[in-house]
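K.L.:
Respectively, the protein sequence lines represent chains A and B.
Under my numbering, the residues of the first sequence are numbered 1 to 254, in order.
Under my numbering, the residues of the second sequence are numbered 1001 to 1289, in order.
It should be emphasised that the hints constitute simulated quantities derived from the structure, not laboratory data.
Quick caveat: nothing in here was measured; it's all calculated off a predicted structure.
Take the hints with a grain of salt, since some may be wrong.
Sample of chain A residues lacking proximity to chain B, with all beta carbon distances greater than 12 Å (derived) [what the hints assert, rightly or not]:
#: 1; residue: R62
#: 2; residue: W70
#: 3; residue: Q224
#: 4; residue: I249
Just some of the chain A residues that point at chain B, by a computed CB distance under 8 Å [what the hints assert, rightly or not]:
#: 5; residue: N51
#: 6; residue: A87
#: 7; residue: P103
#: 8; residue: H104
#: 9; residue: L105
#: 10; residue: E113
#: 11; residue: V118
#: 12; residue: I121
#: 13; residue: R122
#: 14; residue: Q143
#: 15; residue: Y146
#: 16; residue: P147
#: 17; residue: S151
Backbone N, C-alpha and C define an ideal beta-carbon position, used for all residues, glycine too.
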Amino acid sequence: MSNKVEIRGLTKSFGSVQVLHDVDFTVKEGEIVCLIGPSGSGKSTLLRCINQLEEAQSGIIRVDGLIQGWSERSGKLYELSPRNITAQRSHIGMVFQRFNLFPHLTALENIIEAPIHVRGIRRAEAIKQARQLLENVGLANKQDSYPSELSGGQQQRVAIARALAMKPRLMLFDEPTSALDPELVSEVLAVMKNLAEIGMTMIVVTHELGFAREVADRVAFMDQGRIVESGTPEELLTSPRNSRTKSFISSVLQ
Amino acid sequence: MPSTGKSKIMTMGNMSCLEMGRTERIRRKYYGRYVSGLAIVVILLLIVRAFKNGMIDWGIVGEFLTAESILVGLLKTIIMAPLAMLLGLVLGLVIALMRMSPNPVCSSFAVGYMWLFRGSPQLLQLFLWYNIALVFPTITIPYLFSMPTIQVMTPFVATLLGLGICQSAYTAEVFRAGIISVDKGQGEAAAALGMGGGLSMRRIILPQAMRAIVPPVGNEFIGMVKATSLASAIQYTEILNAAQRIYYVNNYVIELLIVATVWYLFIVSLLTIGQSFLERRIGRGFERR
């Protein structure tokens, strides 16, 4: 299988604080990778670098073989125009911890916004597709609700549908269930499981080890800006080699 | 020990009475409120009586309220205020976006612009625009257009530019505050969906910023209606100027000033109603927050 995402030597600092140390990381086509680790370990930053919400100081990220944010000509990297960066992002779906639905638009309007104005598809067609997506996430009857009228779990499912409406080749999930009340977590995870079953390539930053065990092809543990250990869920979650992985997993399971 | 037992029984007795919810409640009487309320009513009545017996000819007020030149003045105020406000909003948005630009020349220009037009008195700015012919006797656009400035800079144009540009320096800050008030995640979500900066600003950020922008802009608009009265000083015949022209002839100074006041209050009342209507419309999706 080809590499969907290929990260080489990624280094990122916020001011004097280095949050990513020379990270190498690869995700294959159709693979589902869960990133786990303590808060502040750089998981979210890594994810945000992939779709260029953050810019790394050095290192290269390729998605489908294309360097993100730069074009390579005669051994030099030239910064891409905002238009090209925007185009690269439009193929990567992102789901945020705080949902970030557009509060002034209904669920349906949230979903059709980018397909109409970025992809330029016809409104009627966008609406048809959005209705289908809402049905897929179990919210067919909520299309005219504003985000403030939806529960956290419903908002997150709309957010997933909104990202899918752009027909992304890769989905990034940044702690998608961390802001949810415990009883709402499962409905969001169920939608993500469906997505995994249809072969979507997914990178999921999460604290849900149960989800990681059940759905992920691979789990990577990050600590202090480095990927400490990665392997199958079985290997990493049941018999971690690294002592920091071990203590993190036992503290989460408690 | 026995005394403790006794008090326990008494407490339990009170408790049961309260628990059954039958206990009568006596509201406290705030006599001060009656006194102050009455005092205000009396003072108001005294003021009304004073004006009724004062040297105001209310007949004149009624007569001139709908005099033709007053109505023309009213019309000119009603035309000027929205036009100047529109100029202030458009320029204000441009200045606000420049202020937030990563380009240091752009943002410094915006800071300087706001410093200049907020820092000097509005009336003075009107005088400067009106008299700009003293600096530039003719306005020329090469090969296209050349005209004596005095013909271009009529009272109408000078008022429009003076009030509109001064207003833009204030609205720029209102826009900027509104844009900053929108959660950072909104811009990120738009970016992640592949929306460019302009599209995201237009479709996602500004519609939400409007919630924070409309109330102060409504306020500024009311201020603008009243600020048009400054134009009376440069011979733009809005309401106040129209009223002054009449009282210079007939000497009913207070009567005509009251006429002008009535019309200003009328316009501002309409605006207030319009504003609350607009705020409800813009609040869609936020009702339950």
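K.L.:
Taking the hints in turn, state whether each one holds.
P.N.:
So, going through the hints one by one against the coordinates:
The Cβ of R62 of chain A sits about 18 Å from the closest Cβ of chain B, beyond the 12 Å cut-off, so the non-interface label holds. Consistency note on W70 of chain A: stated as away from chain B, and its beta-carbon is indeed over 12 Å from all of that chain's, at 18 Å minimum. Every beta carbon of chain B lies more than 12 Å from that of Q224 of chain A, the smallest distance being close to 25 Å; the non-interface claim holds. The beta carbon of I249 of chain A sits about 30 Å from the closest Cβ of chain B, which is more than 12 Å, so the claim that it is off the interface holds.
The beta carbon of N51 of chain A comes within 6 Å of a beta carbon in chain B, closer than 8 Å, and the hint placing it at the interface holds. A least Cβ separation of about 7 Å between A87 of chain A and chain B falls short of the 8 Å threshold, and the interface hint therefore holds. Annotation: P103 of chain A was flagged as interfacial toward chain B, and the flag holds, the nearest CB pair being 5 Å apart, inside 8 Å. Given hint, H104 of chain A at the interface with chain B, holds; its Cβ is 5 Å from that chain's nearest Cβ, closer than 8 Å.
Taking 8 Å as the C-beta cut-off, the interface hint given for L105 of chain A holds, the closest approach to chain B being about 7 Å. This hint holds: E113 of chain A has a C-beta 7 Å from the nearest C-beta of chain B, less than the 8 Å allowed. With a cut of 8 Å, the hint placing V118 of chain A at the interface with chain B holds, because the nearest CB-to-CB distance is about 5 Å. The closest approach between the C-beta of I121 of chain A and any C-beta of chain B is roughly 13 Å, which is over the 8 Å cut-off, so the hint fails.
Look at R122 of chain A: its Cβ only gets to about 17 Å from chain B, farther than 8 Å, so that hint breaks. The interface hint given for Q143 of chain A is violated, since its Cβ lies 14 Å from the closest Cβ of chain B, which is over the 8 Å cut-off. With its C-beta approaching chain B no nearer than about 4 Å, Y146 of chain A sits inside the 8 Å limit, and its interface hint holds. Annotation: interface hint on P147 of chain A holds; nearest CB of chain B at approximately 7 Å, less than 8 Å.
For S151 of chain A, the suggested interface contact is broken, since its CB lies about 12 Å from the closest CB of chain B, more than 8 Å.
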